[in-house]
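Residue numbers (the numbering used here): 1 to 507.
Bear in mind the hints are in silico, worked out from the structure with no lab data behind them.
Keep in mind that this is a model prediction, so the values were computed, not measured.
Careful: at least some of the hints might be erroneous.
To be verified - Subject to a maximum C-alpha distance of 25 Å in a straight line, what follows is the list of computed SDA-like cross-link-like pairs (lysine to any residue):
#1 K361 x G442
#2 K387 x D409
#3 K333 x E418
#4 K193 x T456
#5 K365 x E411
#6 K267 x E250
#7 K33 x P228
#8 K472 x I162
#9 K505 x L473
#10 K93 x D409
#11 K110 x E205
#12 K365 x P498
#13 K348 x F506
#14 K414 x Q64
#15 K33 x P395
#16 K267 x S194
#17 K246 x H212
#18 K494 x L378
Claimed, not checked - Here are the in silico distance ranges between beta carbons for each label pair:
#19 R236 x A216: 15 to 25 Å
#20 E205 x N32: 54 to 64 Å
#21 E271 x G476: 43 to 53 Å
#22 S389 x H212: 36 to 46 Å
#23 D430 x V94: 14 to 24 Å
#24 K269 x M477: 47 to 57 Å
#25 E411 x K269: 52 to 62 Å
Ideal Cβ placement from N, Cα and C applies to all residues, glycine included.
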Amino acid sequence: MSVFAVPIWLPLLLLLPILLLMKNKIHGRKQNKNLPPSPPYLPILGNLHQIGNLPHQSFSRLAQRYGPVMLLKFGAKPIVVISFAEAAKEVLKVHDLDCCSRALSASARKLTYNYQDIGFAPYGEYWREIRKVCVLELFSAARVQSYRSIREEEVALLVNSISQSSSSATPVNLMEKILPPSASILCRIAFGKSFRFRGSDLDNEKFQEVLHEAEAMLASFSASEFFPYVGWIVDRLSGRFQRLDKIFHEMDNFLQMAIDFHLNPDKTKEEHEDLVDVLLRIEREQAKSGGATFTRDNIKGILFDIFLGGSNTAAIATVWAMAELARNPRMMKKAQDEVRNLVGNKGKVAESDTPHLPYLKMVMKETLRLHPPAAMLLPREVMAPFKISGYDICPKSLLQVNSWAIARDPEYWKNPEEFNPERFDDCSIDYKGQNFQLLPFGSGRRGCPGMHIGTTTVELALANLLYCFNWKLPSGMKEEDINMEEATGPGLTKKRTPLKLVPVKFI
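The whole structure should be built from the sequences, with the hints applied where relevant.
Below you can see the structure in the form of structure tokens.
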């Protein structure tokens, strides 16, 4: 969430007299409450001025001074920030049911099809039904396995693309190489093919641009969310509403065409159902049973959430892993030796090989620890009062778990800033949501249902990059010259500077 990305301060100053009159009502009564410690905050703005372009880092610095359970004010909205594994366990396990809802500004509800998606839908009967569909139908182990050939084909195309570049011995931008096949995998799993609609400007590339815009809007500052009654004026003056409308209509147009393609009776029947096929089948089954049926907006909302959560994350994680290995030649060689000794002269790594690569999996865990694609879990809205570490947590507060800070806590991790995959050797800690010092995919009811499909994709891509190529730094560059700073991306912790390496074909 980039607070300063929208020019809101001038309109807010003009509204200051009105806001001051409402101050007491907005903040509410605090009597007899043992609230978490809080940094001093400004009238009206709260702590917004203390949050920089990388909020997870700002939260981490504040937590070092004010504690791992900390109360901030974003305008009128209380934000409880969790930066400690034990407190995260209380939130995500002990009190999961008390704080597993979501809250969005009215302007962003349209973008999520008025909460029809799973990621932002408030907790309730509808959300439980959609979650069940995602777990049992869309992302079950059998369903993920059925898309194995798609992942292997797209990774082979990635290797071929890099092989063409290797003949010239020039550096390649790994994100530019990895992102298209990563997005194509998701398109083919969801839609059955990589679409390029004739006569339409919404092809795959345009669809990715619209998704990027949607990510930016959902991660950016919304005045109407944090300044009740008057914030909508700021959003209107800044053009936020108009931008949301434009993004929604472009997204809706693309998803409607994808659904229409599947409703075409002349469509070739594929060996496996894609995700649109599954959702349309469920819609037909519910209609026949006379129960509550899916609407097309339900289907679009679920598809939107799948693309929002998975379109860039696999590519980002793969690039971070390659960057860390490039900075650590010993670890790079160890990972390459493991995969090459296993695969031999087969020419490529099959998905069935990756379960037998323990060091690669340790590299994956350590990458997700240091560089989770989403540094903070999506905020939860508190539904019922409870306590965390003895502090009162009030309804309507937002709970923000800073998984980036937790994964760098020296209380749980030795030399936490150091990339060291061997720390997971003979270690039971995993990223599946049961170990609260490592939460790249969240935990509890709001844990990411697409975790398995994402990690499977990254492991296959990373294994083939290590097997097929030796990687050299550009001429004159040293390992310590690789910039590992994070970018101010929309909700995702990307690498600030592109990772450019020289591939040397091995096989």
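Going through the hints against the structure:
no. : hint                    : in the structure
1   : K361 x G442             : 19 Å, holds
2   : K387 x D409             : 22 Å, holds
3   : K333 x E418             : 18 Å, holds
4   : K193 x T456             : 20 Å, holds
5   : K365 x E411             : 18 Å, holds
6   : K267 x E250             : 24 Å, holds
7   : K33 x P228              : 23 Å, holds
8   : K472 x I162             : 13 Å, holds
9   : K505 x L473             : 14 Å, holds
10  : K93 x D409              : 20 Å, holds
11  : K110 x E205             : 23 Å, holds
12  : K365 x P498             : 22 Å, holds
13  : K348 x F506             : 11 Å, holds
14  : K414 x Q64              : 18 Å, holds
15  : K33 x P395              : 13 Å, holds
16  : K267 x S194             : 15 Å, holds
17  : K246 x H212             : 13 Å, holds
18  : K494 x L378             : 17 Å, holds
19  : R236 x A216: 15 to 25 Å : 19 Å, holds
20  : E205 x N32: 54 to 64 Å  : 57 Å, holds
21  : E271 x G476: 43 to 53 Å : 50 Å, holds
22  : S389 x H212: 36 to 46 Å : 38 Å, holds
23  : D430 x V94: 14 to 24 Å  : 20 Å, holds
24  : K269 x M477: 47 to 57 Å : 51 Å, holds
25  : E411 x K269: 52 to 62 Å : 55 Å, holds
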